[in-house]
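Modelling step: build the complete structure from the supplied sequences, incorporating the hints.
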Amino acid sequence: MNLSAAQKLALSLLPFALISACAGKPGPVGNSAVPEPAKAVELDRYLGKWFEMARYEAPFQKGCDGVTADYSLRDDGKIKVINSCTKEGKTTTAKGKAKIVEGSRNAKLKVSFFGPFYGDYWVLDRAEDYSWAIVGEPSGRYLWMLTRQAQPEPQVRARIEARVKELGYDWNLVRVTDQG
Numbered sequence: 002m003n004l005s006a007a008q009k010l011a012l013s014l015l016p017f018a019l020i021s022a023c024a025g026k027p028g029p030v031g032n033s034a035v036p037e038p039a040k041a042v043e044l045d046r047y048l049g050k051w052f053e054m055a056r057y058e059a060p061f062q063k064g065c066d067g068v069t070a071d072y073s074l075r076d077d078g079k080i081k082v083i084n085s086c087t088k089e090g091k092t093t094t095a096k097g098k099a100k101i102v103e104g105s106r107n108a109k110l111k112v113s114f115f116g117p118f119y120g121d122y123w124v125l126d127r128a129e130d131y132s133w134a135i136v137g138e139p140s141g142r143y144l145w146m147l148t149r150q151a152q153p154e155p156q157v158r159a160r161i162e163a164r165v166k167e168l169g170y171d172w173n174l175v176r177v178t179d180q181g
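So that you can map any letter, position 54 of the sequence shown is 55 in our numbering, and since no number is skipped, the others follow by simple counting.
Derived by calculation from the structure, the hints in this document are not laboratory data.
Please note that the accuracy of each hint is not assured.
What the hints assert, rightly or not - Pairs of lysine to any residue, SDA-like flavour, derived with a Cα cap of 25 Å:
| hint | residue 1 | residue 2 |
| --- | --- | --- |
| 1 | K40 | R164 |
| 2 | K96 | R164 |
| 3 | K79 | T93 |
| 4 | K79 | L44 |
| 5 | K111 | G181 |
| 6 | K96 | G67 |
| 7 | K100 | D179 |
| 8 | K109 | G181 |
| 9 | K98 | R158 |
| 10 | K79 | A39 |
| 11 | K100 | R46 |
| 12 | K79 | V30 |
| 13 | K81 | T93 |
To be verified - Label-pair restraints from in silico Cβ distances:
| hint | residue 1 | residue 2 | range |
| --- | --- | --- | --- |
| 14 | L174 | A39 | 19 to 25 Å |
| 15 | E167 | K91 | 34 to 40 Å |
| 16 | D76 | L174 | 34 to 40 Å |
| 17 | G67 | D171 | 22 to 28 Å |
| 18 | G104 | A34 | 18 to 24 Å |
| 19 | R106 | S73 | 19 to 25 Å |
| 20 | R160 | P60 | 28 to 34 Å |
Each residue gets a CB set at the ideal place from its N, CA and C atoms; glycine is no exception.
So, in structure tokens, the structure goes:
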């Protein structure tokens with residue numbers, strides 16, 4: 002399969018797209034019993050810029066640091082997604098869209114960077130003040146820990162790590178993202 006330059010770029014920036022069919026060989030299963038999202042999500046509070054604190058390393062994201070995601074509401078009611086990553090000193094971005102899964106209390110979304118192809122994006126848990134979120138999907142192979150600050154306080158990091166473990170994920174598979 003020959004990919005265009007734009008598709009190769011998007012594949013390297015899919016920290017939240019979770020399109021395993023397009024992403025090559027997935028990583029190991031870090032949680033064989035992925036829980037349902039713990040809380041409803043108020044979309045207006047979730048929108049905005051997030052910094053990736055840590056993730057399960059996936060082939061399509063290998064070498065990425067300085068990872069961010071910016072979510073905003075589109076005119077059609079879908080969510081505009083802009084992911085960025087710094088790799089080998091160069092920052093790249095990928096644009097996508099997301100739609101809320103009906104009946105999910107806004108905690109499950111479908112995200113696409115390639116036309117009709119959508120992947121699962123589940124907000125598994127979040128802080129009451131929306132200062133952090135833990136995102137995964139049903140296979141247990143992908144996991145992201147997001148914060149509103151590039152450098153969250155140590156107690157926030159510790160709380161996220163504890164919650165990831167409580168949710169049944171293997172912390173040994175986590176790669177901390179360098180936010181510079």
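Now the hints, each set against the structure:
With a C-alpha separation of about 13 Å, the suggested pair K40 and R164 falls inside the 25 Å cut-off, and the hint holds. Simply put, K96 and R164 have alpha-carbon atoms about 30 Å apart, too far for the 25 Å limit, and the pair is violated. Straight-line distance between C-alpha atoms of K79 and T93 comes to about 23 Å, which keeps the hinted pair within the 25 Å bound. A distance of roughly 11 Å separates the Cα atoms of K79 and L44; the hinted pair therefore holds under the 25 Å criterion.
For the proposed pair K111 and G181, the alpha carbon gap of about 30 Å is over 25 Å, so the pair is violated. Annotation: proposed proximity of K96 to G67 holds, straight-line Cα distance about 16 Å (limit 25 Å). At most 25 Å may separate the alpha-carbon atoms for a hinted pair to count; K100 and D179 exceed this at roughly 29 Å. Simply put, K109 and G181 have alpha-carbon atoms about 30 Å apart, too far for the 25 Å limit, and the pair is violated.
Straight-line distance between C-alpha atoms of K98 and R158 comes to about 28 Å, which puts the hinted pair past the 25 Å bound. Straight-line distance between C-alpha atoms of K79 and A39 comes to about 23 Å, which keeps the hinted pair within the 25 Å bound. Under the criterion of a C-alpha separation no larger than 25 Å, the hint pairing K100 with R46 is consistent with the structure, at around 16 Å. Between K79 and V30 the CA atoms are separated by roughly 30 Å; this puts the pair beyond 25 Å, and the hint is violated.
Distance restraint check for K81 and T93: the Cα-Cα separation of roughly 17 Å lies within the 25 Å cut-off, and the hinted pair is therefore satisfied. About 21 Å separates the C-beta atoms of L174 and A39, a value consistent with the hinted range of 19 to 25 Å. One distance hint, 34 to 40 Å for the beta-carbon pair E167 and K91, holds here, with the actual separation near 37 Å. A beta carbon spacing of about 39 Å between D76 and L174 agrees with the range 34 to 40 Å that was offered as a hint.
Look at G67 against D171: about 25 Å separates their beta carbons, and that is inside 22 to 28 Å. With their beta carbons about 21 Å apart, G104 and A34 fall inside the hinted range of 18 to 24 Å. Restraint check, R106 to S73: a C-beta distance of roughly 21 Å satisfies the suggested window 19 to 25 Å. Checked against the given bound of 28 to 34 Å, the beta carbons of R160 and P60, roughly 29 Å apart, stay inside it.
Violated hints, listed in ascending order, are 2, 5, 7, 8, 9 and 12; each of the other numbered hints is respected by the structure.
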